Amino acid sequence: MSTPARPRDIAEDLADFSATPRMLLISAAAVGIGLVSACVALALLRLIGFFTNLFFFQRFSTDLVTPEAHTLGPWVILVPVAGALVIGVMARYGSERIRGHGIPEALESILINGSKVQPRLALLKPISAAISIGSGGPFGAEGPIIMTGGAVGSLIAQFFHLTSAERKTLLVAGAAAGMWRRLPRLSRRFCWPSSSCCSNGSPAA
541 MSTPARPRDI
551 AEDLADFSAT
561 PRMLLISAAA
571 VGIGLVSACV
581 ALALLRLIGF
591 FTNLFFFQRF
601 STDLVTPEAH
611 TLGPWVILVP
621 VAGALVIGVM
631 ARYGSERIRG
641 HGIPEALESI
651 LINGSKVQPR
661 LALLKPISAA
671 ISIGSGGPFG
681 AEGPIIMTGG
691 AVGSLIAQFF
701 HLTSAERKTL
711 LVAGAAAGMW
721 RRLPRLSRRF
731 CWPSSSCCSN
741 GSPAA
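For what it's worth, my numbering labels the leading residue of the sequence shown as 541, then goes sequentially.
Note that these hints are calculated values from the structure, not bench results. Keep in mind that this is a model prediction, so the values were computed, not measured. Where is the CB? At the ideal position from N, CA and C, for every residue including glycine. Just so you know, nobody snuck in bad clues.
Below, simulated SDA-like cross-link-like pairs (lysine to any residue); rule was C-alpha separation at most 25 Å, straight line:
1) Lys656 x Tyr633
2) Lys656 x Val571
3) Lys656 x Ser635
Estimated spans, in silico, between C-beta atoms of each pair:
4) Val571 x His701: 18 to 28 Å
5) Ala624 x Lys656: 28 to 38 Å
6) Leu651 x Thr560: 23 to 33 Å
7) Leu612 x Ser704: 42 to 52 Å
I would like the entire structure built from these sequences, with the hints used as guidance.
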């Protein structure tokens, strides 16, 4: 007489919560990817500074400067147009996925694409973001930094043929490390009432 099959618990299909020695290896890889992604985030900020100097001051420098001191006069209105045209060409002939903000694309990679990011997107996204912001586009660097850091983690995981769950872990590690690089500026922009940058419980200007 055969034994009736045990009903399958739905939790078994959701995730594997078992701890194995391999977790230590993935954790060590996440630390390394975090360090690399933090350096990549810094490189992206320098790239933004490079394009800002190039578009508004016609000089080669990676310093982060404000474009308000430009000497282009009324011609400055053409700078964002030129940046948009360059990004349009990159989106048309490179990858149309660079048009996004960055964070939705990272979430889509996790939820739909098995935490896989295309190498072409990992290269074009930071460049297009730097051109957009450097040419005066009204965007922030946080989204592209998260996407770029996550792409670093995903590409390394794909190179070593890791599982989908492990790719997700390393993608998130890279994205978090990239975001950490922006925390000093974000803390000044959105400080907590108890922090030293606020007085009387109100955010600093």
